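Here is what each chain is made of, one letter per residue.
There are 2 protein chains.
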Amino acid sequence: MKMTENGVFSRDKVLTIDTMNPTVKNVEYAVRGPIVQRAMQIEKELREGVKKPFTEVIKANIGDAHAMGQQPITFFRQVLALCSYPELLNENMFPEDAKNRARRILQACGGGSVGAYSASQGIDCVRQDVARYIERRDGGVPCDPDNVYLTTGASDGIVTMLKLLVCGEGASRTGVMISIPQYPLYSAALAELGAVQINYYLNEEKCWSMDLSELESSLAEARKHCNPKALCIINPGNPTGQVQSRQCIEDVIRFAAKERLFLMADEVYQDNVYAEGCQFHSFKKVLFELGPEYSDNVELASFHSTSKCYMGECGFRGGYMEVINMDAEVQAQLSKLVSVRLCPPVPGQALMDLVVNSPQPGEPSHITFMKERTATLSLLAEKAKLTEQILNTVPGITCNPVQGAMYSFPNISLPEKSIKEAKALGQAPDMFYCMKLLEETGICLVPGSGFGQKDGTYHFRMTILPPTDKLKILLAKVKEFHQKFTQQYS
Amino acid sequence: MKMTENGVFSRDKVLTIDTMNPTVKNVEYAVRGPIVQRAMQIEKELREGVKKPFTEVIKANIGDAHAMGQQPITFFRQVLALCSYPELLNENMFPEDAKNRARRILQACGGGSVGAYSASQGIDCVRQDVARYIERRDGGVPCDPDNVYLTTGASDGIVTMLKLLVCGEGASRTGVMISIPQYPLYSAALAELGAVQINYYLNEEKCWSMDLSELESSLAEARKHCNPKALCIINPGNPTGQVQSRQCIEDVIRFAAKERLFLMADEVYQDNVYAEGCQFHSFKKVLFELGPEYSDNVELASFHSTSKCYMGECGFRGGYMEVINMDAEVQAQLSKLVSVRLCPPVPGQALMDLVVNSPQPGEPSHITFMKERTATLSLLAEKAKLTEQILNTVPGITCNPVQGAMYSFPNISLPEKSIKEAKALGQAPDMFYCMKLLEETGICLVPGSGFGQKDGTYHFRMTILPPTDKLKILLAKVKEFHQKFTQQYS
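From first to last, the protein sequence lines stand for chains U and R. Heads up, the first sequence is in the UniProt record's numbering, so the first residue is 1 and it goes up one at a time. Heads up, the second sequence is in the UniProt record's numbering, so the first residue is 1 and it goes up one at a time.
There could be a bad hint or two in this list.
Said to hold, decoys possible - Under 7 Å between C-beta atoms, here's a sample of chain U residues computed to sit facing chain R: (1) Ala-188; (2) Gly-315; (3) Arg-317; (4) Gln-389.
As the list claims (entries may be wrong) - Lysine to aspartate or glutamate pairs mimicking EDC-like chemistry, simulated, CA-CA at most 20 Å apart: (5) R:Lys-470 to R:Asp-327; (6) U:Lys-44 to R:Asp-144; (7) R:Lys-163 to U:Asp-18; (8) R:Lys-436 to R:Asp-144; (9) R:Lys-13 to U:Glu-293; (10) U:Lys-99 to R:Glu-87; (11) U:Lys-371 to R:Glu-87.
Hint data in this document are derived by calculation from the structure and do not stem from the laboratory. All of these numbers come straight from a predicted model, not from anything done at the bench. Every residue, glycine too, gets a C-beta built ideally from N, C-alpha and C.
Bound conformation, chain U alone:
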């Protein structure tokens, strides 16, 4: 009991840090962690006129394309406006293909309104369009719309799948293999679910590729203390920017089959492939090319989203997952589980539909759509190259090529003295580095420790999304800062 401002006695809270759910306390999510909080404070200080050695904060901490100035695809937004306010269907200002898409989506909605709940698994015709998109993408490998679940962004699908998988206690607790470095949604979800996180390290020397021997030894070690049930892959890679080879995917599938692991393929960057000689191969396509021994057996969930690629429509929280070879009873449980949350946001479902059913040759919006799409992807490819090139000119920074996705995850050499100073402050050395970078230059990056890295190595993740002029400033500032930092602590 303590006295409050109002002069009454205040009791202890019911819900305190000691009485709350301990698994929630274990959750960490660096992409929106302390560094981003501080960046937002600094932005506020700048608005209030506080003097800083810079005039704006440049945020390269999160894959948020529109926030960095990328323009939405005109066609998508026209259809969304038509769906929101169908009166516009009577106006002459929209192309016929946009109107047709809107009419088709509205017809599939209860009462012809995007304000109605959809089926929990998603609007029927959207799932059918997703299935046809997957079939085209995978050279005709069949896709059953009943295996497609629309989601609230890819994160929602990933967490739902993990939720199905996790059970047991002690040595029989479910273990899930995730890459290191990883996208911290995975570690956060596993912490919250109380599952065992099994790390497998990507090979930085080989452009962040997956090593079969590493998978094997990591799994063997994990089997001593938990029950490994699933293997998560992010391809193209976040935060690594790596694009997996067909051979690698084949190896991973054979490994999963042999070791009896459920595969989760996070393929939200499937259109973001920039490097010469690299190509996106879906896990599903490779699985089916390996023949029925694999395609009839290996359980796979694949995730996609409206938030990345050339769309960058994060705010709509659209996405889908496809489940392959899932046990029928489990799938019924999945369908039940998603029904509790009623349905994914319908505007996001509509947007997902447009992504998988974009304007076709001959339709009035096709040329503009292709121009916008190509321009966005070409610009990203340029910025990927630029980022790699400039970072590699900095002594003490080594940067793998950004083959795909939207991120660079360069290795940074930190002087011993800075590591000691960070540790004295109880900070990860790369957090100390990134925080100093933010304070001195206004650049917001995420320390490698938020994604995981080999002990004794340090990194940061930066997005390649800022507009080219700002990206150049950012890279120049990082270069200058790194040199100054190295001198200061040498």
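On the provided structure of chain U, position chain R as indicated by the hints.
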């Protein structure tokens, strides 16, 4: 191992009903359960030309106003169209207040796009508008925007709060008190989290009101085997349609204070009050009227949504929660937890903003807005009355007044013979009844067993949302069916 169609041996699945998460298996959600699945099948059969004793399925199973023909508020949809496709700001077809709202929302979005992620807690200016709305609603009781969290519908907020609360094992496992009958999101979330569901029964004889003595005895009993930490209230009630009196809310708050329970007030139907002499009182307002001994101490989370009231915009998945007297460290954990899912859908946030910042007197859209709002609420009030009146003319059906919300939860007398037949089929007797009603009349209601009810009593929940002409058909058919059913099994 078994042989598949392709002639290869199929292995056992990694993920089976026996190896999956057992807490997920315990989840039930009647509002979208087997009866709704069957209704969808029947709709498909009707489309395929299968002959039935009816020509359409009338769905009164879910509070989905637009699906039942309710029209969206014009102003809301105009602003959403403008936000989706800002080119429209250059057109003359939209009123200035709609354009101003859209500009304000877009300015608050990263890159001026609703396709950017927002802050995880929600867009700043939307949270500020929510805070001002709450202050107006509660006669000036202050609201700090930092205590407002935008959510993906109210369900998301409720599950998040429960997630924070649940911990412990065995006799120290967290218990959460919920009303019976309840909205099955609560039981589903508690099952999934492995928390103990503590039932308190509403008093059907007193119009489904809360009894203090029932709360006390239910809590005392629960303390023997778990650690009760929270008390959930739905007001106006789902599925009961009851509106709580100010006195009752006061009693509940005093009870929560005395017994040290965290209060969760589901207030998504706050505009849906129809009955003479009934009024919505927010838990927060009453809490502050009780003075600092309560308002400085009792922990409360209150939930609202864009899905109900006069808006009925379920598909957008918009909502907010306000937390009051939450421990600062716990609130930091809450903020971290919501950051993992990045942000609620931005169109839903925009819509929430319009609800709390609707057209004001003097603005060009005000008259139309008020006309639409009033028409929708008046129609709902009429249908509430109609439902109660007609159902009460049926021998064997007793129906409390629908004071608020969107549902009636009448008591149905079932003949002994039907109860026996249901039990022989392994069905709840009211499920047996509702399933037969569906097959014979095409009317889709949800059995009371999906919401919970006193042993030996039977109910169904029906929404009052169908258009008046269909609602009349529905009620007439229910009447006829009930009489036939009673005869058949007597």
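Evaluated hints:
For Ala-188 of chain U, the suggested interface contact is upheld, since its CB lies about 5 Å from the closest CB of chain R, less than 7 Å. Look at Gly-315 of chain U: its Cβ gets to within about 3 Å of chain R, closer than 7 Å, so that hint holds up. Interface hint status for Arg-317 of chain U: upheld, as the beta-carbon distance to the closest one in chain R is roughly 4 Å, under 7 Å. Hint status for Gln-389 of chain U: violated, given a least beta-carbon distance of 26 Å to chain R, over 7 Å.
Restraint check: the Cα-Cα separation between Lys-470 of chain R and Asp-327 of chain R comes to about 49 Å, which exceeds 20 Å; the hinted pair is violated. With a C-alpha separation of about 18 Å, the suggested pair Lys-44 of chain U and Asp-144 of chain R falls inside the 20 Å cut-off, and the hint holds. With a CA separation close to 14 Å, the supplied pair Lys-163 of chain R and Asp-18 of chain U stays within the 20 Å bound. For the proposed pair Lys-436 of chain R and Asp-144 of chain R, the alpha carbon gap of about 51 Å is over 20 Å, so the pair is violated.
Proposed proximity of Lys-13 of chain R and Glu-293 of chain U is supported: the alpha carbons are some 13 Å apart, at most 20 Å. Note on Lys-99 of chain U and Glu-87 of chain R: the hinted pairing holds, with a Cα-Cα distance of about 16 Å set against a maximum of 20 Å. Proposed proximity of Lys-371 of chain U and Glu-87 of chain R is supported: the alpha carbons are some 19 Å apart, at most 20 Å.
Checked against the numbered hints above, the structure breaks hints 4, 5, 8 and satisfies the rest.
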